[in-house]
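Please put together the full structure from these sequences, using the hints given.
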Amino acid sequence: MAPRPKLEYELLQINERVVEMTEKVEVAIVNSIQAIKEQNVKLARSIIDGDEAIDDMDDEINEMCYLFLATQSPLASDLRYCISIMKMVTDLERIGDHCEDLAKYAIRMEHEEYYQELIDLPRMADLAASMVKNAIRAFLDRDLKLARKVWKADEEVDELFRNIYDEQLEIAVMDSVNTRLAIMFSFVAAHLERIADYATNICEEIVFSLEGGYIME
Numbered sequence: 001m002a003p004r005p006k007l008e009y010e011l012l013q014i015n016e017r018v019v020e021m022t023e024k025v026e027v028a029i030v031n032s033i034q035a036i037k038e039q040n041v042k043l044a045r046s047i048i049d050g051d052e053a054i055d056d057m058d059d060e061i062n063e064m065c066y067l068f069l070a071t072q073s074p075l076a077s078d079l080r081y082c083i084s085i086m087k088m089v090t091d092l093e094r095i096g097d098h099c100e101d102l103a104k105y106a107i108r109m110e111h112e113e114y115y116q117e118l119i120d121l122p123r124m125a126d127l128a129a130s131m132v133k134n135a136i137r138a139f140l141d142r143d144l145k146l147a148r149k150v151w152k153a154d155e156e157v158d159e160l161f162r163n164i165y166d167e168q169l170e171i172a173v174m175d176s177v178n179t180r181l182a183i184m185f186s187f188v189a190a191h192l193e194r195i196a197d198y199a200t201n202i203c204e205e206i207v208f209s210l211e212g213g214y215i216m217e
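Mapping to the numbering used here: the sequence shown position 188 is 188, numbers consecutive.
Source of the hints: derived by calculation from the structure; they are not laboratory data.
Just so it is clear, the structure is predicted and the values come from calculations on it, not from any experiment.
Honestly, I wouldn't trust all of these hints.
Estimated spans, in silico, between C-beta atoms of each pair [what the hints assert, rightly or not]:
1. 97 / 41: 13 to 23 Å
2. 201 / 180: 27 to 37 Å
3. 42 / 76: 42 to 52 Å
4. 176 / 67: 28 to 38 Å
5. 117 / 209: 15 to 25 Å
6. 108 / 149: 48 to 58 Å
7. 77 / 49: 36 to 46 Å
8. 117 / 187: 42 to 52 Å
9. 42 / 187: 15 to 25 Å
10. 112 / 55: 40 to 50 Å
11. 90 / 187: 22 to 32 Å
12. 201 / 15: 14 to 24 Å
13. 63 / 166: 41 to 51 Å
Ideal Cβ positions, reconstructed from N, Cα and C, are used throughout, including at glycine.
Spelled out as structure tokens, the structure:
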């Protein structure tokens, strides 16, 4: 096959923008929980303000993909690749929306007196952020082993979510003073669990695009 330098260059440009978007999302996940943990309203507002940049990158990357498909006479494999990119950045944009919602919880909790130190929620956030980063890396590197590792990591996130939910439900039932706060902590955990699910969706698409099926084990 003849070299396709312009095509390869444009794909590289798209990939670089995807990496930049992923880094923004990864930081937003970690910072949103830090804002909740530290009751840091300034940090929370910066996450909310920063969501627009994530939305803009979603639009920009999609436009780059459409332009690539319209001007480069891509092969079928290039078409599948661009479609996968567009699906992934949509997932990244939705993760950004979840981070914005988490930041809003941080603002609502500004004057709350926490009845416990937050340990499992930051652990969930770190795991979810790592899953997102590694899922995108697995896609760009066509690394099936890493994709399956990320997919498997979702089990730990799910276990943390169940533990947090059960604990906060018990507090909500037994301690009427802290019911409202316990419910908000449960919602925070649910957002993080959904973020991790988006990472697994990306991994499933990687396996499908490379192997033609969704067998993850």
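These are the hints, each one checked on the structure:
no.	hint	verdict
1	97 / 41: 13 to 23 Å	holds (20 Å)
2	201 / 180: 27 to 37 Å	holds (32 Å)
3	42 / 76: 42 to 52 Å	holds (49 Å)
4	176 / 67: 28 to 38 Å	violated (58 Å)
5	117 / 209: 15 to 25 Å	violated (42 Å)
6	108 / 149: 48 to 58 Å	violated (36 Å)
7	77 / 49: 36 to 46 Å	holds (39 Å)
8	117 / 187: 42 to 52 Å	violated (19 Å)
9	42 / 187: 15 to 25 Å	holds (22 Å)
10	112 / 55: 40 to 50 Å	violated (29 Å)
11	90 / 187: 22 to 32 Å	holds (23 Å)
12	201 / 15: 14 to 24 Å	holds (19 Å)
13	63 / 166: 41 to 51 Å	holds (45 Å)
The structure fails hints 4, 5, 6, 8, 10 (numbered hints given earlier, in ascending order).
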